[in-house]
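S.K.: Chains A and B supply the protein sequences, listed in that same order. According to the working numbering, the first sequence is numbered sequentially starting from 1. According to the working numbering, the second sequence is numbered sequentially starting from 1.
Derived coverage of chain A by chain B (criterion: at least 3 residues anywhere in the stretch with Cβ under 8 Å from a Cβ of chain B; other residues may be distant):
1) 16–28
2) 32–42
3) 66–72
4) 149–162
5) 174–183
Since the hints were made in silico from the structure, they are not lab data. Because the structure is a prediction, the values reported are computed rather than measured. Glycine is no exception: its CB is placed at the ideal position from the N, C-alpha and C atoms.
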Amino acid sequence: MRAGPPPGADLPDEELVRRVVGGDREAFSAIVLRYQDRIYTVCLRMLGTESAAEEVAQEVFLAAYRNMASFRGDARLSTWLYRVAINHCKNRRLYEHRRAAGRHEPLEGLPRDDEPIRELADPGPGTDEALHRSEAARLVQDALADLDPDHRNIVLLRDVDGLPYEEIADILDLPRGTVKSRLHRARAQLGKALSRFLGRADIFE
Amino acid sequence: MDAFFARNRLHAYLDGSLSSAEAEAVAAAIARDPALRAEHEQLRQTLSLVQRHGRAAAPMGLHDKVMAQVAAEPAPGGMVPRLRRLLRRTPVEAVALLAAAAAVVIMIQRPPAPAVEEEAPAEVAAVVTPPEAPAAGVAEKPPVPAPEVGSPQPRRLASAQAPLAAEEEQEAAPEEAPRLFSGSTGYRISVQDPGMVRTLLALAQSSQGALYDLNNRPVQPRELTVEENFQRVMLVVPVDEAAAVDAWLRSAGGRSITSESSMVFGEGQTGFYVEVAYLE
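Chain A extracted, bound-state conformation (with noise of 0.2 Å):
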């Protein structure tokens, strides 16, 4: 077992980068422990199973590390992982649809990228998992889970990972206005479906 933080963990992005594509693969690793929290984060609340969360996550990495030599520099590691990340789950829901269908659609038969795939509807939490999670967290993911999936996705950006309204413009390729009214939307959708228990001091415990 490995004593201490691992190596890379304290160098920038741009460093770890540099060093992945001269063929560190110490630099990947370090960049998987970054940011596997939110990719998988992404990969669940968009495709709403942990299996699927954990397979496409696993896929995006992969991709990353196949592409890292053509990473452009000219937009942040994480502004261009988000975008791998939902790329691979929008093609993840797609092909799911048409497997559902059990017939090839062209593609304009399919739902738009903002339309919930309903087929993949969360199936819910198995019972050991529900019981070691804490009332808060069930509380919040189940109202995350009732969002449309860009006004989860933008909640997710901006308020649980913190990212500059530019970036998430970037990410989900929206302008930044667009961004701003469906964030204010999906909060007060959030507010409304927390409301019961807000106020409440044990929650915040």
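Starting from the structure of chain A, add chain B where the hints point.
M.R.: Frame of chain A; chain B shown alone:
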């Protein structure tokens, strides 16, 4: 600052993005108004909950599984991945050149505007021929300045969405009497051609127009990858090129769609909102 303006700034206040003077004014309004105070408290607690509990922890084995797969991969900066990328790109350049040439031919042989208008849905026809615009193909049409990359860019309107914050309203306020591209029309083109962005750039250039992303930045030539498989762009062209561009987008398989996007264009310009859906 009254409660209405303070309410419009609550999100920015909690984001910490207001100036110190504005933040003080909002804080004072919150202290004065019980309803605003309750609203602020609800939003603050909601954000606090989401910030603390919104992120999921990656499964324990995720890192090791990724690294096991990476161990079997060549280094990304090595010769094999470079060759792979080169082989992928070379045919794309050739396809893009051919597509650009085809676009030029179609531009030259563009159909007369009235026929396009008859076939087009009403919303699209309204886009390609704004009421004040001369019909395409009219010899006496006034000269249209060609937009350049460095020229003032078209501005986006947020009128399709209810403005929820004062700063957003300020961003969206038009400064000139605009020609307004319909906010509810556009095209989606589904392709397996990774060079479609280059093709659209060639179309824009051959039409004396320009291609922008949704944040009004010029789109750079690049091939689509599976990581960027859904590209949304605004194709801005002179009004008298609109019918030909419209015909080209249809011939490329463009399907009329609705969108939230609106833009204000310079004199003599109009635009097309285009979504390129790319699947490898």
